[in-house]
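Let the sequences and hints guide you as you build the complete structure.
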Amino acid sequence: MRPSTALLAAATTALLAATACSPSGEEPAEGELITVTAGVIPIVDVAPVHLGVEQGFFSDRGIDLRLEAGSGGAAIVPGVVNGEFDFAFSNVASLIVAREQGLPLVALGNGATSAGEQGADFGGVFVLDDSDVTGAADLEGLTVAINNLNNIGDTTVRQSVRVDGGDPGEVDFVELPFPDMPAALETGQIDAVWAVEPFASVIREAGHREIASNFVDTHPDLSVAAYFTSEDRSARDPELFEDITAALAESLTYAEANPDEVRRILGTYTEIDEQVIERMVLPRFPEEIDEESVRTLADLMVTDGLLDSEPDLDALLP
Amino acid sequence: MSRPTVDEDRETTRETVPATPTEQESPVARPPRRRTGAARAAGPALRTAHVLLLPTVLVGVYWAFTAQPGAGFYTPTPDAIAVAFAELWFSERFFVDVLPSLGRLLVGFAVAALIGIALGTLLGLDARVRATVEPVLEFLRAIPPPVLVPLMIMLAGIDDGMKIMVIVFGCVWPILLNTVEGVRAVDPVLADTARCYGVTGTTRLRVLVLRSASPQIMAGLRLSLALAIILMVISEMFASSSGLGFAIVQFQRTFAIPEMWAGMVLLGIMGFALSSLFELVEGRVLGWYRGSRAAHRGE
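Chains as they are written, first to last, in my numbering: chain Z, 1 to 318; chain A, 1 to 299.
Hints in this document: simulated from the structure, not taken from any laboratory.
For the chain A half of the interface with chain Z, some residues (derived, Cβ under 8 Å), not all of them: (1) Phe73; (2) Tyr74; (3) Met154; (4) Gly157; (5) Ile158; (6) Ala239.
To be clear about the criterion: a stretch of chain Z counts as covered by chain A if any three or more of its residues have a C-beta under 8 Å from a C-beta of chain A, and this derived list gives those stretches: (7) 87 to 100; (8) 147 to 156; (9) 164 to 178; (10) 181 to 190.
Virtual Cβ for every residue (Gly too), placed ideally from N, Cα, C.
As structure tokens, then:
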């Protein structure tokens with residue numbers, strides 16, 4: 001959300017040169033930038049796109065990318081459907097559900113991928129240090145806090161329970177915002193919490209014990225989130241969306257190769273404590289969505305009843 | 001919702017908050033509307049027509065708007081909403097989501113009424129206690145209940161207790177403040193008369209104080225009932241796994257839009273039903289008051 005001065009200068013020149021502002025969708029004049037608005041959540045996962053704007057991966061392709069913060073997937077998806085956002089960021093489970101409900105969404109590229117390492121992923125399940133729970137199977141009969149029910153969190157935690165030999169149907173899930181989780185865990189209101197970074201680090205450093213890495217248990221290369229747009233929008237501007245996809249890929253590759261840059265940019269658009277930024281586990285940022293992992297996730301969503309039938313993933317995935 | 005400034009001087013107070021059986025209307029209480037002679041004569045058929053006319057027109061306009069091609073994913077047609085409504089709420093979901101919500105709402109409302117009327121009577125009768133407690137009450141009243149949810153989770157857990165506390169905390173204020181004003185505005189002539197006849201203690205409370213404050217207490221209860229429905233929904237948005245508010249948020253997040261609308265329609269119907277029920281109760285409780293007002297106007 002802070003375009004470089006060069007970018008601003010270019011945009012101003014372009015505005016002065018043009019007699020009229022051409023709406024996005026028309027061929028831009030030489031040197032003019034097309035304004036593209038993206039809906040993102042101010043979390044760790046979207047660091048690559050912030051880096052991409054800063055490094056000029058978008059402006060090099062004639063795109064003036066504006067990042068608008070939304071509160072969550074449910075608020076961002078309508079923004080894409082009504083054209084307020086040209087593209088946006090959401091977790092994969094929400095995209096699969098939206099597509100199955102008849103919203104014509106298509107993925108543009110990968111968002112964030114599991115770090116792939118047991119006990120060192122960017123999300124995990126935590127219990128009190130003196131809890132009797134040693135593995136995910138012990139969660140049977142206990143209450144686990146999740147930020148959003150019927151989404152990627154509980155689906156993958158259920159898989160952790162299953163992999164560990166337990167019955168996920170015996171686990172009670174309850175919704176709590178991430179920031180309220182540590183207190184609820186400490187007062188014994190709930191038995192376990194599922195949290196992602198930076199909350200996972202805060203919980204870990206408060207001395208709580210990690211018992212499962214639910215993303216890794218689901219698939220070591222699980223694509224957790226993705227950038228997406230609507231079919232209509234990309235069909236109206238196929239060339240623009242080729243450029244956006246290429247710029248996103250370059251941003252992800254840059255973030256993947258430069259974790260220090262990711263940690264640096266986090267300090268600019270989040271309020272995460274500096275010390276936590278230094279120590280927390282980052283997601284991986286491969287540019288391609290891992291199709292197999294998305295299929296595994298979709299199968300689990302069918303098994304758990306989030307979906308009535310096998311979803312048509314070919315329509316969603318690029 | 002304006003409320004009169006609390007004056008310690010009884011004379012000025014009596015100007016803003018009149019003793020109840022008079023023509024003037026106090027700014028806090030909304031005394032029930034008198035039915036006009038025409039409405040009374042019209043009969044139930046016309047009354048039903050009156051109730052149904054506007055909803056029919058509104059649904060018709062909405063239908064015409066949504067029936068156009070490409071009206072949008074987020075505005076399903078009324079028939080789609082009706083189908084979702086029947087499928088959702090004429091099933092076991094009614095027992096899983098609706099009944100527990102309704103239960104919490106009624107318990108929360110009842111507890112708020114008890115606390116509000118009891119504390120309000122105490123404060124209304126004793127100026128010194130009122131002066132001591134008022135600043136704290138004003139402070140607490142200004143806190144929106146949803147921001148207290150994390151604290152309430154610590155105090156009351158994540159179960160029904162917390163949700164009921166949220167409802168009570170939001171609902172108690174209109175009842176409390178209206179009760180205070182109602183109790184303060186007891187007609188001094190009546191109070192003197194009661195004293196002359198030796199009416200004291202609980203009898204005095206029952207036949208004089210609460211009786212004469214009842215129009216304002218009922219007005220406070222009516223405001224709180226509407227608040228209770230809103231707070232029921234809000235309380236279920238935190239630390240929840242069932243309930244009507246939880247279900248609506250879930251439908252929204254999973255893009256089940258006709259179901260989301262069906263949930264909102266059910267909320268509206270619940271609100272209408274509760275308010276109608278309240279009107280019935282109010283009619284019985286305040287029968288004397290309406291009669292006295294009508295007599296006063298020479299009808």
